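Participant: Those sequence lines, one after another, are chains D and E. According to the numbering used here, the first sequence holds residues 1 to 116 in order. According to the numbering used here, the second sequence holds residues 117 to 234 in order.
It should be emphasised that the hints constitute simulated quantities derived from the structure, not laboratory data. Nothing here was measured: the structure is a model prediction, and the numbers come from that model. It is possible that some hints are incorrect.
Beta-carbon label-pair distances, calculated as ranges [said to hold, decoys possible]: (1) Gln14(D) - Val168(E): 46 to 56 Å; (2) Gln69(D) - Ser196(E): 42 to 52 Å; (3) Gly10(D) - Tyr126(E): 25 to 35 Å; (4) Arg217(E) - Thr5(D): 25 to 35 Å.
A virtual CB, placed ideally from N, CA and C, is assigned to each residue, including glycine.
This is what each chain is made of:
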Amino acid sequence: AQKITQTQPGMFVQEKEAVTLDCTYDTSDQSYGLFWYKQPSSGEMIFLIYQGSYDEQNATEGRYSLNFQKARKSANLVISASQLGDSAMYFCAMREVSTNAGKSTFGDGTTLTVKP
Amino acid sequence: EAQVTQNPRYLITVTGKKLTVTCSQNMNHEYMSWYRQDPGLGLRQIYYSMNVEVTDKGDVPEGYKVSRKEKRNFPLILESPSPNQTSLYFCASSLGGTGTRGARQPQHFGDGTRLSIL
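Given these sequences and hints, build the entire structure.
Facilitator: Spelled out as C-alpha cells, the structure:
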C-alpha cells in the first residue's frame, strides 16, 4: 500500500528566503507519479509540480523545484524566494501505476507561514 | 473556463437524511475522484472513477455511494449520513489513461463542499 509522510506539521520562513518541505513515500511500485499541491486559507487545491519516478532530472516550475531522491524515496519541495502569498498548506501526493493510477494518496500536509 | 464544479458549497443537515453532492467537470476528463479532508489527516480518497460506468473504492468508502453515468458528472451520495461524515469534501478530475500515462496526470479540484451532519 502506498503511503506519504510529511513530517513537518508547520514551518516558518522569512520572506525572500528559500524553504524546503519534506515528503517521503512508501511504495513497492517502480513506476509512479509524485505531486505537490497548495491549499491557501481560502480552501482551494492548486497543483504546483509533478515528478515522475523515471524522470532523470528534478522537476522545476518557476520558484518551485523538487529535490527527488528515488533511492531514499523522498520528494522534497523547494520554494525559492518565498513570498507572503506562499503562506498555505502544502500536500505531497502520489499515484501508482500498479493501481492503474486510480488510487491517489496524500500526505497530512505542512502548513507554511511566510514572515515579512 | 476549465473547472470542476461542486454543489452545494455548504450544507448543514441531520443524521439519516439522504443527501447528494454533485460534481461536474467541463474538461472532458476520464478520471474523477472524491476526497474528504479532516484536520490533521490530509485528503483521503473515498471513491474514484476511471471512466463512465467504472468506479472503485478508495481508502474510506464506507457510508458513501457514487455513480458515473455520464463522463462529466460524478455525484457523491450519502444514503444515511452520520456525524462522523462531517467533513470538507473535494471532487477532482484529471486526464485518464491507465498505467504510466494516468500516473502522471495532476488532478483539478473543485472548491470543496463543507458538510455538517448533526
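Participant: None of the hints should be skipped; say for each whether it holds.
Facilitator: Results for each hint:
{"no.": "1", "hint": "Gln14(D) - Val168(E): 46 to 56 Å", "result": "50 Å, holds"}
{"no.": "2", "hint": "Gln69(D) - Ser196(E): 42 to 52 Å", "result": "46 Å, holds"}
{"no.": "3", "hint": "Gly10(D) - Tyr126(E): 25 to 35 Å", "result": "27 Å, holds"}
{"no.": "4", "hint": "Arg217(E) - Thr5(D): 25 to 35 Å", "result": "27 Å, holds"}
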